[in-house]
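Novice: Here's the letter readout for the chains.
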Amino acid sequence: MLIVLGAFVVLLLMGMPVAFAIGISGALFFVQHPELPPTIPIQLTISQTQNFALLAVPLFILAGNFMNHSGITARLLELASVAAGRLKGGLAQVSIALATMMGGVSGSCIADAAMQTRMLGNEMLKRGFSRGYAAGVLSFGSLMTPIIPPGIGFILYGTVGQVSIGRLFAAGFVPAFMLWAALAFTISVTARRRGYAPERKTRPTAGEVARAIWGGAWAILFPVILLVGLRFGVFTPSEIGAFAVVYAILVGTVAYRKLKGAGFREALEGSLVDVGAVMFLLAMSGIFGYGIVFERIPEVISGAMLGVSENPQLVLALIVAAILLAGCFIDGSVLIIMLTPIFLPLVTTLGVDPVHFGLVFVVAVTIGNFTPPVGAAMFAVCSILRCPVGAYTRESLPFLVAVAAVTLLLIFVPEVVLFVPNLIFGNP
Amino acid sequence: MRKLYARLCAVEGLVAAAFLSLMVALIFLGGVARMLGAPLNWTTDAATCLFAWACFLCADIAWRRNSLMAITLVVDRLPPATRKVCDLASHLIICAFLLYAIGFGTWLAWTSRARSFQGIPEVSYSWVTMSMPVGALLLLLTTARKIRDELRGGGTPD
Numbered sequence: 000m001l002i003v004l005g006a007f008v009v010l011l012l013m014g015m016p017v018a019f020a021i022g023i024s025g026a027l028f029f030v031q032h033p034e035l036p037p038t039i040p041i042q043l044t045i046s047q048t049q050n051f052a053l054l055a056v057p058l059f060i061l062a063g064n065f066m067n068h069s070g071i072t073a074r075l076l077e078l079a080s081v082a083a084g085r086l087k088g089g090l091a092q093v094s095i096a097l098a099t100m101m102g103g104v105s106g107s108c109i110a111d112a113a114m115q116t117r118m119l120g121n122e123m124l125k126r127g128f129s130r131g132y133a134a135g136v137l138s139f140g141s142l143m144t145p146i147i148p149p150g151i152g153f154i155l156y157g158t159v160g161q162v163s164i165g166r167l168f169a170a171g172f173v174p175a176f177m178l179w180a181a182l183a184f185t186i187s188v189t190a191r192r193r194g195y196a197p198e199r200k201t202r203p204t205a206g207e208v209a210r211a212i213w214g215g216a217w218a219i220l221f222p223v224i225l226l227v228g229l230r231f232g233v234f235t236p237s238e239i240g241a242f243a244v245v246y247a248i249l250v251g252t253v254a255y256r257k258l259k260g261a262g263f264r265e266a267l268e269g270s271l272v273d274v275g276a277v278m279f280l281l282a283m284s285g286i287f288g289y290g291i292v293f294e295r296i297p298e299v300i301s302g303a304m305l306g307v308s309e310n311p312q313l314v315l316a317l318i319v320a321a322i323l324l325a326g327c328f329i330d331g332s333v334l335i336i337m338l339t340p341i342f343l344p345l346v347t348t349l350g351v352d353p354v355h356f357g358l359v360f361v362v363a364v365t366i367g368n369f370t371p372p373v374g375a376a377m378f379a380v381c382s383i384l385r386c387p388v389g390a391y392t393r394e395s396l397p398f399l400v401a402v403a404a405v406t407l408l409l410i411f412v413p414e415v416v417l418f419v420p421n422l423i424f425g426n427p
Numbered sequence: 000m001r002k003l004y005a006r007l008c009a010v011e012g013l014v015a016a017a018f019l020s021l022m023v024a025l026i027f028l029g030g031v032a033r034m035l036g037a038p039l040n041w042t043t044d045a046a047t048c049l050f051a052w053a054c055f056l057c058a059d060i061a062w063r064r065n066s067l068m069a070i071t072l073v074v075d076r077l078p079p080a081t082r083k084v085c086d087l088a089s090h091l092i093i094c095a096f097l098l099y100a101i102g103f104g105t106w107l108a109w110t111s112r113a114r115s116f117q118g119i120p121e122v123s124y125s126w127v128t129m130s131m132p133v134g135a136l137l138l139l140l141t142t143a144r145k146i147r148d149e150l151r152g153g154g155t156p157d
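As given, the protein sequences belong to chains A and B, one line each in that order.
Heads up: the first sequence runs through residues 0 to 427, numbered per numbering that gives the first Met the number 0.
Heads up: the second sequence runs through residues 0 to 157, numbered per numbering that gives the first Met the number 0.
Think of the hints as simulated: they come from the structure by calculation, not from any bench.
One thing to keep in mind: the hints can contain errors.
FRET-style restraints, in silico, Cβ to Cβ [to be verified]:
hint	chain 1	residue 1	chain 2	residue 2	range
1	A	R117	B	L140	30 to 36 Å
2	B	P78	A	V223	53 to 59 Å
3	A	I296	B	W106	44 to 50 Å
4	A	P387	B	R147	32 to 38 Å
5	B	W126	A	T252	30 to 36 Å
6	B	A113	A	L313	52 to 58 Å
7	B	L7	A	T252	30 to 36 Å
8	A	V400	B	G36	49 to 55 Å
9	A	A261	B	N40	57 to 63 Å
10	B	A80	A	F418	54 to 60 Å
11	B	L77	A	E265	33 to 39 Å
12	B	L7	A	R117	40 to 46 Å
13	A	A261	B	R112	42 to 48 Å
This structure is a prediction, so every number in the text was calculated from the model and none was measured.
Just so it is clear, CB atoms sit at the ideal spot from N, CA and C, and this is done for glycine as well.
Assemble the whole structure, with the sequences as input and the hints as a guide.
Specialist: Here's what the structure looks like:
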């Protein structure tokens, strides 16, 4: 297994796509064990694609891409500007409010960060925001997207770790709003110092508010419908995914009438690439996982961790620190797929709730998308805004501190996370 | 030859898109049918079979567009010549792996032809298993073209 891990690191550093690196290094395990039939890696790969729960992943990717082409974003932008336009920091406040609302329709933070940067990035620069600050806001704002249901990260974690996806979805609301509040507070403090003015001078009229809420209603209702469907067992997560696609198409064609031939094609084509990137990785990780279980790696790591401390919160904090560190280099979905089988058994023996851990895990992994040197959302935002990574790193530091503080709070006060899922689904 | 390949790519995209759309339709239908109290078991099975094919076809599409996640932090800082060697080596390793997947995948599909898929007697499990060797073959073609571009063009085709 050491050879496998060594090969994995070498292949990664060579610039090989993670999916291939994980499959090829995982296959080396079978070269070392000639007593195992050589067809097992093939079977492992295929059996990953035969997992009914994982079907939800491509479906939510499709739904998100259709939503983005449905014209819903423009309506939500209006709503966000009515809701947050009078706060200090103007467009930055609008941007994170929009990101939070978008969380309910889209499940991927990278796609969301890229889209918002295209929409708001240049406007922010025009109003005098510095490039690094704008990039920081746009990138960190997308932290809420995977945490408000639906989120691909929760589906991956729930499937790999066999945790209720409905509970995980429900657990996302409160932390997402806390993260929003923390970011909004940080923006208003930094904006005051930098002299960034509010976006709107006057209080919005009641008519404006009503119109904006009505316009965005389809998007805001969506996560609520999802949860109701899951709560009453009307739908399985995969069925919810299919329902989400149909919902997005209906909203795009009937409600807003923005989803036409070209947009439809674009959404579908974009989804093919996204599905390929995520699912191939998942399929290949099946090969790698076999060796990990075979050699009892989770037990070894658990032993080492428990040697340091047996305090659940402390171990959780250690794990989060490890994930944040790893997240600087490795993509989030890879971390969820690889580390859930290792860390989840460890924390459950310490009495940590799997839903609580899942939420903290997904938050930490998502933060990894924003931190240099390797952060997918950071790359997307910085390349669209043509912002140097150095400036981004310097000026987004306050946001990192803010979300880190919320993460710590989430670690030490599990009730904040578990309150809503226990309310909706009952105590476990 | 180039035309043929372009057509292959177009067909691949169409099939993948059709399979994804069919999956949505099947699962949606299954959900609605169950809600109405008349569950259809075959919709799930058909959808998971399509899923395997969609995964590998989409993987190839993503690979062709260089959209598979990779860590290029180190290789980006290498001198161009060294970087080229690195890319070439990694692509050759990928080729070897894909050849293995094609060989043993086909063999597995052949030996599992008697096993029926999800207990449906008329449908062989090989329909699912074949998705891997076929997908690997497409990925191999894409990788071979990448290697050709590297040997010809000098730089990496991003």
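Novice: If I claimed the Cβ atoms of A261(A) and N40(B) lie 57 to 63 Å apart, would that claim hold in this structure?
Specialist: Distance hint for A261(A), N40(B) is violated at roughly 38 Å.
Novice: Using the C-beta atoms of L7(B) and T252(A), is the stated range 30 to 36 Å upheld?
Specialist: At 32 Å between Cβs, range holds.
Novice: For the pair A80(B) and F418(A), does the Cβ-Cβ distance stay inside 54 to 60 Å?
Specialist: The hinted range 54 to 60 Å holds for A80(B) and F418(A), with Cβ atoms some 58 Å apart.
Novice: Go ahead and decide if the range 32 to 38 Å is satisfied by the Cβ distance of P387(A) to R147(B).
Specialist: With Cβ atoms ~35 Å apart, the hint holds.
Novice: Is 44 to 50 Å right for how far apart the beta carbons of I296(A) and W106(B) are?
Specialist: Violated: the Cβ-Cβ distance is about 30 Å, outside 44 to 50 Å.
Novice: Tell me if the beta carbons of P78(B) and V223(A) are separated by a distance inside 53 to 59 Å.
Specialist: holds, 55 Å
Novice: Do the Cβ positions of A113(B) and L313(A) conform to the proposed distance bound of 52 to 58 Å?
Specialist: holds, 54 Å
Novice: Just to be sure I understand the hint, the distance between the Cβ atoms of L7(B) and R117(A) should be within 40 to 46 Å; is that true here?
Specialist: Violated, since L7(B) and R117(A) (Cβ atoms, about 32 Å apart) do not stay within the stated range.
Novice: Given the range 30 to 36 Å, decide if the beta-carbon distance of W126(B) to T252(A) lies inside it.
Specialist: holds, 34 Å
Novice: In this structure, is the beta-carbon distance linking L77(B) and E265(A) contained in 33 to 39 Å?
Specialist: holds, 35 Å
Novice: Given the hint of 42 to 48 Å, check if A261(A) and R112(B) actually sit that far apart at their C-beta atoms.
Specialist: holds, 43 Å
Novice: For R117(A) and L140(B), compare the CB-CB distance with the range 30 to 36 Å and indicate the outcome.
Specialist: The hinted range 30 to 36 Å holds for R117(A) and L140(B), with Cβ atoms some 33 Å apart.
The structure does not agree with the numbered hints 3, 9, 12 stated previously, though it agrees with the rest.
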